[in-house]
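Colleague: Spelled out, the chains give:
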Amino acid sequence: MNQLLQKYPQEIQTILAKYPADRKRSAVMPLLHLAQQEPGYITKQALQEIGEILEMPITDIDSIVGFYTLYHEQPGGRYHVQVCTDLPCALRGADEFLKQLCENIGIKVGETTPDGMVTIEEVKCLAGCHHAPMFQVQGDGDISYHEDQTVESAVELIAKLRDRKEAA
Amino acid sequence: MAKKLVTLRIDEHTLQVPEGMLVVDAARKVNVDIPVFCYHPKMDPVGMCRMCLVDVGRPVIDRATGEVVKEADGSPKIAFGPKLDTACTTPVSEGMVVITNSDKVRAARKEVVEFILTSHPLDCPVCDKGGECPLQNLTMAYGPGTSRFIFDEKMHLAKHVPLGELVWLDRERCIQCGRCVRFQHEVVDDPVIDFFHRGRSLEIITDSEPGFDSVFSGNTTDICPVGALTTADFRFGARPWEMVSAASLCSHCPVGCNITYNVRREAKTGGNMVIKRAMPRQNEGVNEIWMCDKGRLGYHFTESKQRLSEPLVRKGGELVPAGWDEALDLVAQKLREAGSSLTVLAGGRLSNEDLFNLRRLADAAGGQAVLDTHMGGGDLAALAVERGAALIVVNPNETRLDKFATHTLRYNPGELLLTFGGFLESAAGKVFAEAENALVFYGSNGLGLQQSTYLAYAAAELLVKTGHYGKANNGLIPVWPKANSQGAWDMGFRPASNLGDQLRQSKAVYIAASDPAGDDPALAAALDEAKFVIVQDLFLSETAKHADVVLPAAAYTEREGSFTSGDRRVQRYYPAATPRGLARPDFIITAQLAGRLGVELPAAAALVLDQIAAQVPAYAGLSYQKLAEVHEQWPIIGRSDVYYGGTGYENKHGLGVQLPCAAERGEKIDLPAAANPVLPSVPAGSLLVIPVARLYDQGATLRPTALLDGRIARAELALNPETAEKFGLQAGGEALIAAGGWRVQVAVRVDSHLPVGLGLVPRSTGVPVFGPTAVTIEPVQVEIKA
Ligand code: SF4
Ligand code: SF4
Ligand code: FES
Ligand code: FES
Chain A
144 MNQLLQKYPQ
154 EIQTILAKYP
164 ADRKRSAVMP
174 LLHLAQQEPG
184 YITKQALQEI
194 GEILEMPITD
204 IDSIVGFYTL
214 YHEQPGGRYH
224 VQVCTDLPCA
234 LRGADEFLKQ
244 LCENIGIKVG
254 ETTPDGMVTI
264 EEVKCLAGCH
274 HAPMFQVQGD
284 GDISYHEDQT
294 VESAVELIAK
304 LRDRKEAA
Chain B
140 MAKKLVTLRI
150 DEHTLQVPEG
160 MLVVDAARKV
170 NVDIPVFCYH
180 PKMDPVGMCR
190 MCLVDVGRPV
200 IDRATGEVVK
210 EADGSPKIAF
220 GPKLDTACTT
230 PVSEGMVVIT
240 NSDKVRAARK
250 EVVEFILTSH
260 PLDCPVCDKG
270 GECPLQNLTM
280 AYGPGTSRFI
290 FDEKMHLAKH
300 VPLGELVWLD
310 RERCIQCGRC
320 VRFQHEVVDD
330 PVIDFFHRGR
340 SLEIITDSEP
350 GFDSVFSGNT
360 TDICPVGALT
370 TADFRFGARP
380 WEMVSAASLC
390 SHCPVGCNIT
400 YNVRREAKTG
410 GNMVIKRAMP
420 RQNEGVNEIW
430 MCDKGRLGYH
440 FTESKQRLSE
450 PLVRKGGELV
460 PAGWDEALDL
470 VAQKLREAGS
480 SLTVLAGGRL
490 SNEDLFNLRR
500 LADAAGGQAV
510 LDTHMGGGDL
520 AALAVERGAA
530 LIVVNPNETR
540 LDKFATHTLR
550 YNPGELLLTF
560 GGFLESAAGK
570 VFAEAENALV
580 FYGSNGLGLQ
590 QSTYLAYAAA
600 ELLVKTGHYG
610 KANNGLIPVW
620 PKANSQGAWD
630 MGFRPASNLG
640 DQLRQSKAVY
650 IAASDPAGDD
660 PALAAALDEA
670 KFVIVQDLFL
680 SETAKHADVV
690 LPAAAYTERE
700 GSFTSGDRRV
710 QRYYPAATPR
720 GLARPDFIIT
730 AQLAGRLGVE
740 LPAAAALVLD
750 QIAAQVPAYA
760 GLSYQKLAEV
770 HEQWPIIGRS
780 DVYYGGTGYE
790 NKHGLGVQLP
800 CAAERGEKID
810 LPAAANPVLP
820 SVPAGSLLVI
830 PVARLYDQGA
840 TLRPTALLDG
850 RIARAELALN
860 PETAEKFGLQ
870 AGGEALIAAG
880 GWRVQVAVRV
890 DSHLPVGLGL
900 VPRSTGVPVF
910 GPTAVTIEPV
920 QVEIKA
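Taken in order, these protein sequences are the chains called A and B. Each residue of the first sequence is one higher than the one before, counting from 144 in my numbering. Each residue of the second sequence is one higher than the one before, counting from 140 in my numbering.
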């Protein structure tokens, strides 16, 4: 059974209704967000199920998941702290910023804090180059930008995130 | 409509090419080689690799007057862009000036190569592409001797990633040109590989089951401009410079793909020439520069240890080795004795030359020439290939073609007649009737000999009724099960309406390249009743085991010959490998036998074709020289240039000759009324099953390719869930199916796309279902061990 379809029949209908019936695959991005909501990442099964709904090859969907850093291939923390280290940011010290941030938190890039709250990731340009070092925080169904950061401000923010109890 | 021509200059050449052509292609036309990685002439340009950067200038136009601004000397003033342009994405325009050989361009190439090499391993000495690698060549031509990038910061990625069992990926060597992905998406529409992640972490992935599930997967290894993709078959198999090429044809189906066998002499086979790989050979009228994996991988039968290497004669109940003279003398004597009760049964994988001589041998002895086939209608075949047409698909089950069809009609095998009867009134029928050109491709999916014969006649009638006959680009194209079934028809072989009876009543049966006993137990029994059985084959087949004399035939890869494709193009192939043991070409064996019967037949392939040309009207005027003619094809591939189309081969050995259809030769077509197809009555409790074709079947020439084991069709019964339930069958279970004298155990596959009340059985998997058949079914109880 298609569990995604069973779980979100209404939401899926609403998403599909936005696109012409013969251009179903346009709905792939919103469906991926929907599938990611609960487990926090895209499961193999979700790929299959979206493939069925949109009549799309699984490999194509997987490729989209791989391309966008907003989709996660593996379980991670409740919050993803995604630091841009693309060229302009790197020129403003993003590399060093990320290194020190990780040392302070005590995890490596791609790892999650032991309490399961925060994963630190390295991503490509987020279009905030002139305010580097910068990162975005993804979690609780929301995304926030944090620009002109220092290691201290970032550590402070992560501490706050780890203290949160329920979803806001 | 012819496109407008534009005039431009590329380096010192002034040329005229059609509007819209890309600079990179225009340059190739005047032998200016612009290096590429991501561009491929068969696919849309993407401009991803930047290797093709050139300096492009355009005439300056005065905005006020709209006139071209002139220099002092009267020549047009040319403005060059501030940066270089990619020649693969820039279309030509009037007055354009392209510079490909300046220092600026060379510097750009050097930088792009340096950049591509930042993480490339350059492990050319152990790389399968080494020797025919564009990256290696361009690195030698333009690359910097040293890199400014830090060696320790090279990305190290997985080097042995199976994308399935057929194709392997070396992630480190991939330069992210996207050719493989684009080929699967654009050219074959099997989007089973794709990009994953970005930048330096980008990799090629597949999520299909099995991995890289496309029957065209091998082509990606030809067009990959580096050694990132290799077939499991050729990986570490040989170096390109050790091999020589033999022009050939694929023998697995009637499309007639032009191929090249790369062979090398090997000590371990006693110095014989051994096939190391099969590669496409360009024929834009047939396979362009592609081939399917069945053809690419299915050549291993040539080297199979099971091949027959000497004649065998039955003595004291056993088949024992004998000399050629002894075997041939005995066969000749039996043929003479049998006279008109000789049956010669031939399979559609023999060459025209084999079939012609065999037919003449049958005639000389007074016997009958029978084609082993379950599909009829070869006498009606016409011609032509046309693109961009409306595609109407008529099938009993869902097939891949439906995806491309403009109209899809499903029929129940029981109502085949009705489908054709009412066809012209349907929407699809109207499109067909009004089309300027119409082609009917017909096959035997789900049908037996009698039904497919009827189908061919009905289709021919349809073509005649709607005026789509007797002109080029119109007609009937049979999709035969074997490479040269059409040639067999043309050489006068016809299927027997009741092969069993015919075998039983024959004094002598001569069977070449066909295995009736292996296909059908009833025919095995019939053979035992025949007085004397001669089998000429590559292998000791089931049928050969019933023989009195077994003659070892040389494989088609070991000699010359020609095949006639389904759309009636006659093409020739050349010897590639060393013949096995004492095996001889079929046409030579038959010539030697005919000699013993006092009839002289040519024993050289070219001479046999001359006789065919003289005696078979459709083949008039053909000769080996004619079949070897070539003309320049576009795109230009396979030369030692950097305009890289892949490792496929240029065609230097013949594009073949398209036969004219009967009407073009001024012959009138007789439309014999075919007997209406009779379908078996299906008693209560039985099920109607039909045979369907699978690409990877268990044919004698495919089985020796062990690499395909995991993909080969197994004996199975596919049915709709409702039908499965009715018979108490479960998906993944087993069932015993039985009909008149046979009972076979098969796997059960449940598929909701299938029509209710119908079973599908793949052909050539050991289940003797050759046409619609009523079978009884019992589920097999699987014991579950605690
Ligand atoms: S892909 Fe080409 S350049 Fe790279 S290691 Fe192989 S042969 Fe050398
Ligand atoms: S595997 Fe080969 S063809 Fe595919 S993207 Fe990489 S280099 Fe290009
Ligand atoms: S490069 Fe980091 S935000 Fe643009
Ligand atoms: S950008 Fe032109 S060949 Fe790659």
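A couple of the hints might just be wrong.
[Claimed, not checked] Using 30 Å as the maximum straight-line C-alpha spacing, the simulated DSS-like pairs for lysine-lysine come out as follows:
1) A/Lys187 <-> B/Lys249
2) B/Lys293 <-> A/Lys267
3) A/Lys267 <-> B/Lys249
4) A/Lys167 <-> B/Lys542
5) A/Lys242 <-> B/Lys249
6) B/Lys542 <-> A/Lys251
7) A/Lys267 <-> B/Lys298
8) B/Lys293 <-> A/Lys251
Hints in this document: simulated from the structure, not taken from any laboratory.
Colleague: Now tell me if each hint is right for this structure.
Modeller: Hints, one by one, checked against the model:
1. A/Lys187 <-> B/Lys249: Judged against 30 Å, a Cα distance of about 43 Å means the pair is violated.
2. B/Lys293 <-> A/Lys267: Answer holds: B/Lys293 to A/Lys267 is near 19 Å, not above 30 Å.
3. A/Lys267 <-> B/Lys249: holds (27 Å)
4. A/Lys167 <-> B/Lys542: holds (16 Å)
5. A/Lys242 <-> B/Lys249: Roughly 34 Å separates the two Cα atoms, so the pair is violated.
6. B/Lys542 <-> A/Lys251: violated (47 Å)
7. A/Lys267 <-> B/Lys298: Given that 30 Å is the threshold and the Cα spacing comes to 25 Å, the pair holds.
8. B/Lys293 <-> A/Lys251: holds (20 Å)
Consistency note: the structure conflicts with the earlier hints numbered 1, 5, 6.
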